[in-house]
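For the protein sequence lines, the chains are A and B, in the order given.
In terms of my numbering, the first sequence has 219 at position 219, counting the first letter as 1, and numbering is strictly consecutive.
In terms of my numbering, the second sequence has 492 at position 212, counting the first letter as 1, and numbering is strictly consecutive.
In short, the hints are calculated from the structure, not lab data.
We put the CB at the ideal spot given by N, CA and C, even for glycine.
Do not rely on the hints blindly, as some may be mistaken.
[As the list claims (entries may be wrong)] Residues from chain A that face chain B, not an exhaustive set, calculated with beta carbons under 7 angstroms:
(1) Leu118
(2) Leu120
(3) Ile126
(4) Leu210
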Amino acid sequence: MSAARLRLFGHRVTIPAMIGFVIIAVNLIAALGAPWLSPFDQADVVCEAWDDPTAEHLLGCDNLGRDLLSRLLFGARMSIGLSLLITTLSFSIGIVTGFTAAIAKGWVDAALSRAVDLMLSMPSLIFAFVVLSVLGTEIPVLVITLACLDSTRVFRLSRALAMNIVALEYVEVAKLRGEGLWWIITREVLPAARAPLIAEFGLRFSFAFLFVAALSFLGLGIQPPNADWGSMVRDYRDMINLGITAPFWPAGAIAVLTIGVNFVVDWLLAIQSRGHGENA
Amino acid sequence: MGKLIAQRLALGFLTLFGASVLIFAGTELLPGDLASALLQNNATEENLAVMRKQLGLDRPAPVRYVEWFGGALKGDLGKSLATERPVAADLAPRLRNTIFLAIYAAVVAVPLAIALGLLAAVFQGSVFDRAVNTVTLMTISIPEYLVGYLLMKYISVQLGWLPTLANVTEETPLGERFYLSLLPMLTLVLVTIAHMMRMTRASVLAIMASPYIEMAFLKGIPKWIVVVRHAFPNALAPVISVVALNLAYLIVGVVVVESVFVYPGLGQLMVDAVSKHDVPVVQACGLLFASAFIVLNMLADIAAILANPRLRHPR
Numbered sequence: 001m002s003a004a005r006l007r008l009f010g011h012r013v014t015i016p017a018m019i020g021f022v023i024i025a026v027n028l029i030a031a032l033g034a035p036w037l038s039p040f041d042q043a044d045v046v047c048e049a050w051d052d053p054t055a056e057h058l059l060g061c062d063n064l065g066r067d068l069l070s071r072l073l074f075g076a077r078m079s080i081g082l083s084l085l086i087t088t089l090s091f092s093i094g095i096v097t098g099f100t101a102a103i104a105k106g107w108v109d110a111a112l113s114r115a116v117d118l119m120l121s122m123p124s125l126i127f128a129f130v131v132l133s134v135l136g137t138e139i140p141v142l143v144i145t146l147a148c149l150d151s152t153r154v155f156r157l158s159r160a161l162a163m164n165i166v167a168l169e170y171v172e173v174a175k176l177r178g179e180g181l182w183w184i185i186t187r188e189v190l191p192a193a194r195a196p197l198i199a200e201f202g203l204r205f206s207f208a209f210l211f212v213a214a215l216s217f218l219g220l221g222i223q224p225p226n227a228d229w230g231s232m233v234r235d236y237r238d239m240i241n242l243g244i245t246a247p248f249w250p251a252g253a254i255a256v257l258t259i260g261v262n263f264v265v266d267w268l269l270a271i272q273s274r275g276h277g278e279n280a
Numbered sequence: 281m282g283k284l285i286a287q288r289l290a291l292g293f294l295t296l297f298g299a300s301v302l303i304f305a306g307t308e309l310l311p312g313d314l315a316s317a318l319l320q321n322n323a324t325e326e327n328l329a330v331m332r333k334q335l336g337l338d339r340p341a342p343v344r345y346v347e348w349f350g351g352a353l354k355g356d357l358g359k360s361l362a363t364e365r366p367v368a369a370d371l372a373p374r375l376r377n378t379i380f381l382a383i384y385a386a387v388v389a390v391p392l393a394i395a396l397g398l399l400a401a402v403f404q405g406s407v408f409d410r411a412v413n414t415v416t417l418m419t420i421s422i423p424e425y426l427v428g429y430l431l432m433k434y435i436s437v438q439l440g441w442l443p444t445l446a447n448v449t450e451e452t453p454l455g456e457r458f459y460l461s462l463l464p465m466l467t468l469v470l471v472t473i474a475h476m477m478r479m480t481r482a483s484v485l486a487i488m489a490s491p492y493i494e495m496a497f498l499k500g501i502p503k504w505i506v507v508v509r510h511a512f513p514n515a516l517a518p519v520i521s522v523v524a525l526n527l528a529y530l531i532v533g534v535v536v537v538e539s540v541f542v543y544p545g546l547g548q549l550m551v552d553a554v555s556k557h558d559v560p561v562v563q564a565c566g567l568l569f570a571s572a573f574i575v576l577n578m579l580a581d582i583a584a585i586l587a588n589p590r591l592r593h594p595r
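If we strip away everything but chain A, and leave its shape as in the complex, we get (with noise of 0.2 angstroms):
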């Protein structure tokens, strides 16, 4: 972490790159401290359905009568949760599997990289959808089987950077020396490849926030009554006809996040393009 946020102050932060850092600080002191900050309770009914917006409800109120502010807030909690949830796990699996993968090279390699062409070779959706129409829309499910889809692009590229690393010499001196491949993949391999892992991290963020969010507008993914981004534009929807504005504060939610993020990747490709020292 320290090394990031040295990383952070040692090079310009754009003007794209710090509107993405605030973005996503706001998302998380949101997320965070939904309890606290939102005014009521997520599934409390405190009012008319759909009432205007007054002092009392900022956002006014959604179709049950519940507050929309406070259940923005509980939103964030479940829609940014999940997501980070999902991608440690993919990164976890993807990583060790794509070291695994460039360390051991020969027959391991071959067939984890052919498992993962032919994974890749579909729509993640579809296959999504698929696994979910067996397995039902629980929340360990849904965990479990996006961050496994997801881990196929985290293994591609681990796999591709570790192919260069493990051609050092001192990941040589390390085998020979006789150390084990847990230890090869941690203390040898990883720290070179944490810059790029770190930005990739950011990019399968965004994927995987937009991915449950596309699963629950669908009604597929987190079920009531626990608030999240997605299935509140789905219960909110039929009202544009009525010219109301509810759907949009979810929705433009989730774009806002996903731009802040993407500005906040941006950046890091960027720097790491640049290379060390210049521009610091």
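We have chain A; now place chain B onto it with these hints.
Just chain B, lined up with the frame of chain A:
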């Protein structure tokens, strides 16, 4: 070149076969089996046995896979668990609707994206270039349903120009179909155009740095001719692969957009089937979506081989 294309075709069909195994295996992941999932609380021993027999689950998985895939190749996709009607009959009109929407969107999006990309490359660094760049960077991050609902709110509800829902039926005449599905088409165009346009611009600009382009400028040829005649043909291969990738993406984006506009397509059918645990329908839709994706990618590779003479000879 013939050999390269044949290899690519063979790989494509092999992938298709692999994808079918994956789709079938995906529905076998259940810890128990489909019968116990469907019956849930009513699962007594006798009920389970009857249900298994009905679903054909009493036979080993490889046998069922061969039957399923063999049937699918002949157009027999099994029976829906929910309606007990043949899946193929329910699927066909939906498939036609989805293909109609996808082609409609592609015919608008592809030329528009390439034209915008070329214009941005010609006027590199201008206000137009920067504006197009910023707008497309944002549309990449915005989910399809937000684009759809924004269009719906402003174009249909406030201006009243277009219908909010695209409820086409079998009897809808072609002209009205174009009108009813105009808004879903626009949504798809907006979400797919960004990548294609940016890629066109980037690959043309990459070529613009090469010496033969400088030569063309030194001969005194106007900039737009240099871009269109000299740079674009060489930038075609990456553009083709991005176009194909986006068409493949269009197929997935269609699922969400169909849901926004309640358009009776394959995506809607699949989503409904997933929530009803109607496995044969899900498998059939999955197979169709996956085939479209794989075939598009295969065609893209072949088109890239044809467009770029350097790819014709394997090293």
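Exercise for the section: Could you work out which earlier hints the structure fails to respect and list their numbers in ascending sequence? Expected result: Violated hint (a single one): 2; every other hint is consistent with the structure.
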